[in-house]
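Once you have looked at the hints, place chain B on chain A.
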Amino acid sequence: MSSTFPPAAAVAPPRPKIAHDARAAGRDLRPLLVLPGLAVVLGLFCYPFIYGLILSFEPLEGGPFANYIAFFTNSRLYGTIGTTLWLSLPITIVNVGLALPVAYALRKPSSSQRIITTILVVPITLGTVLAAEGLLSYLSPNGWMNRALLDIGLISEPIRLLHKPAAVIISLVITGFPFAFLMMLSYVTGIDPTLARAAATLGAPPHRQFMRIYLPLLAPGIAITFALCFVQAFAVFPSAVMLGAPAGPTRVISLAAYEAAFEQYDYSLASAIAIIMGIVQLAVVGAVLGLRNFAYRGPAASGKG
Amino acid sequence: MQGLFASPVAQKAWNTTLFVVMLFFLLNVLAVIAVVVVNSLGQRWFGGWLPDGFTLRWYSTAWAEFQLSAILVVTAQVAGAVVFLSLLVGVPAAYVMARLRFRGKGLVLLLFLLPLLVPPVTYGIPLATVLYQMGLGGTIWGVILANLVPAAPFVVLVMTPFVEQIDGKLEDAARVFGAGTLTIFRRILVPLLLPGMLSAGLLVLMRTLSMFELTFLTAGADSQTLVVALYYAVFAAGVRAPQSTDAMAVVYMATTLIWLLLALRFVDPTQMVGRVKAQRA
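So the protein sequences, as listed, match chains A and B. Number 364 marks the last residue of the first sequence (the working numbering); no jumps. Number 1406 marks the last residue of the second sequence (the working numbering); no jumps.
Keep in mind that the hints are not guaranteed to be accurate.
[What the hints assert, rightly or not] To give an idea of the interface, some chain A residues facing chain B are shown, with a C-beta separation under 10 Å as derived from the structure:
id	residue
1	128
2	131
3	193
4	233
5	326
No lab work stands behind these hints, which were simulated from the structure alone. Even glycine gets a Cβ: it sits at the ideal position worked out from N, Cα and C.
One chain only, chain B, in its complex shape:
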């Protein structure tokens, strides 16, 4: 057995197998995405590899049928508010987690990790119950608050190493010259943390755009984001042409992937899954 694995031929065969499996997987992923794009552009597609002809009219149909302009406005409002608020509460918390020692720090870290480890559906249902009791369920504020639950801790975890990289002597020097914490934040930390805040903001933006469960559980008819509207469109299939649903799916893909393209210039892809490496218990 040992000799079998050690031989160079076996090594090569193993690597080739991995390569073929990976290629097969990537091809399928690309095909699943491509089929949505092709269908949204097709006139009629009953059989065959491609539709009978190509058209852009499904996009105007989808725009009118699904009131995409209104949905896009809501999506932008929710995503913008979640990014802003999560940075606002997350960056100061990350500063504390990176710089200070205090009693109960381990517990605080656990509290920041839990919302990232527990899947949204599990806490989304009690959360939606509470939000509906407070009268916030079904409103855009309920959607924003629900999306803050994973977003704010995510910012804390992404920003902590960025704060750690900044030399503490800079703050000491500013303090010697009489700067208060607020001034230090405004004049020293925030300018130096801008690259990190950009990465964290982009990651939160993408996660919010594709966050289905929490938005689905808390949104009302006029506070749906694009991904929830897409789900309802598929759910109520049969009423409308599938191409028009796919046109909406392409609009959703475009709004998400633009940010991904931008983010990939700043962020390592492994950061998107939220590295939990540093927080080993």
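Chain A on its own, in the form it takes in the complex:
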């Protein structure tokens, strides 16, 4: 993989930049170093997707569109789109809506910023399975939450949250909010604070600094955070099974795909469901990113305004 480099070019003093110029180096083989990494993505990500797409048009029985027809005529299957959207969209709005003001309030480096980010990184690191296991005890009728609410006197008998959509929603907040917060924080801290200070010297009060300086600059970050949070929430799987009612109200689309693949061994139908899942995600992400392009076109996104 070693590239042969014309020695004359390297010695010649007038053009020292030539070492960076791949074409001038003649046969520069260094771009080939990207190939192993690219092979992983092409072989293990792109190929399976294409394979799955083709497989989804080769159903076990029926014509090429039989899987898709089956999906959209069976309420147990097409209903999962609504169920999953109903779980994931509102909670994404809540997570991002909460993350934005909190990240903005913590934009200056401080000890509280460090403590909060450190605590919030823990649920992300532990993941949904552990959060679900903790919530199984925490939300149970004898759990700490009900006990606290009973002792305060807010409720007279334990509220039942487990094996209902509520528990899945709580788990989506526990793992989704820290993710949204850390993403928003990285965007907020990436904005030059002197911009807001300049606005302040011109007499802008804090809320106007936020509305006129930060918000337009944050718009792309908010859109990307929303898109990523939504896509993750839409793919909710373990907590919907562990905490929810996977037979009915929290039968999410990933569960339908899993059942098709590993319980009915119908990989063709499972691929079709996975493709539909990807299309719905793409549609919502496209809508969000399109909305942000529609709302803020122009140089507002550059940090040098």
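Here is chain B on its own, set in the frame of chain A:
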């Protein structure tokens, strides 16, 4: 409306509200984690704030019941292989992305971003189908390959700014003295990139340890990592004492959080979510 928000009292009330909401959230997160630890140490816990008494016996029960030693070996093998392989393919690719210009670079960048943006369940099912067709499904190699899909692009994205920070003149100088690309990597780039590789490796390690979906879809009975075994233990609840499942959960937490503690010395927490900032289209 404008005047209302502008007043200092409103500002203070707003900040206090945010503080209370945040405190409430953090308390709940800590309680959800603490309840697992307390339950794993409790003898019996039917009501009341705390169990009747404390014991360590659930840990030995869990160790035997779930064959934790075997699961830990598999987990270490999978995580170690994924970290090693993702660095092996990711660092050279990051070098190319940071240093070179070539036709189709935008497309290559998109290909590296996609596996990080598409959730694992979505591509995990077609991927598992392909792996089972190749006879790798249910084996430890299938689990390792599946986990490489998000890990390798993640290394590329984390390492690219680290490569950019290294002065290109160092490589030029080495080339003047006749060093080939391999020597430059071995003697110049890898030593200078070690801090970055450490961060990237730790982040990949933690992501692999907590990667449920891909491992779940591709693992067989003897290639489960700890988090998948934990899921099955909860799923098959009722057979075993819940405390013993929680003891296993604590073992899982310990193996993950040790690395987190180590990682926080090198890494900014916002890096854990994989910053996509630099890659704005």
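Against the structure, the hints:
| no. | hint | verdict |
| --- | --- | --- |
| 1 | 128 | violated, 20 Å |
| 2 | 131 | violated, 19 Å |
| 3 | 193 | holds, 4 Å |
| 4 | 233 | holds, 6 Å |
| 5 | 326 | holds, 5 Å |
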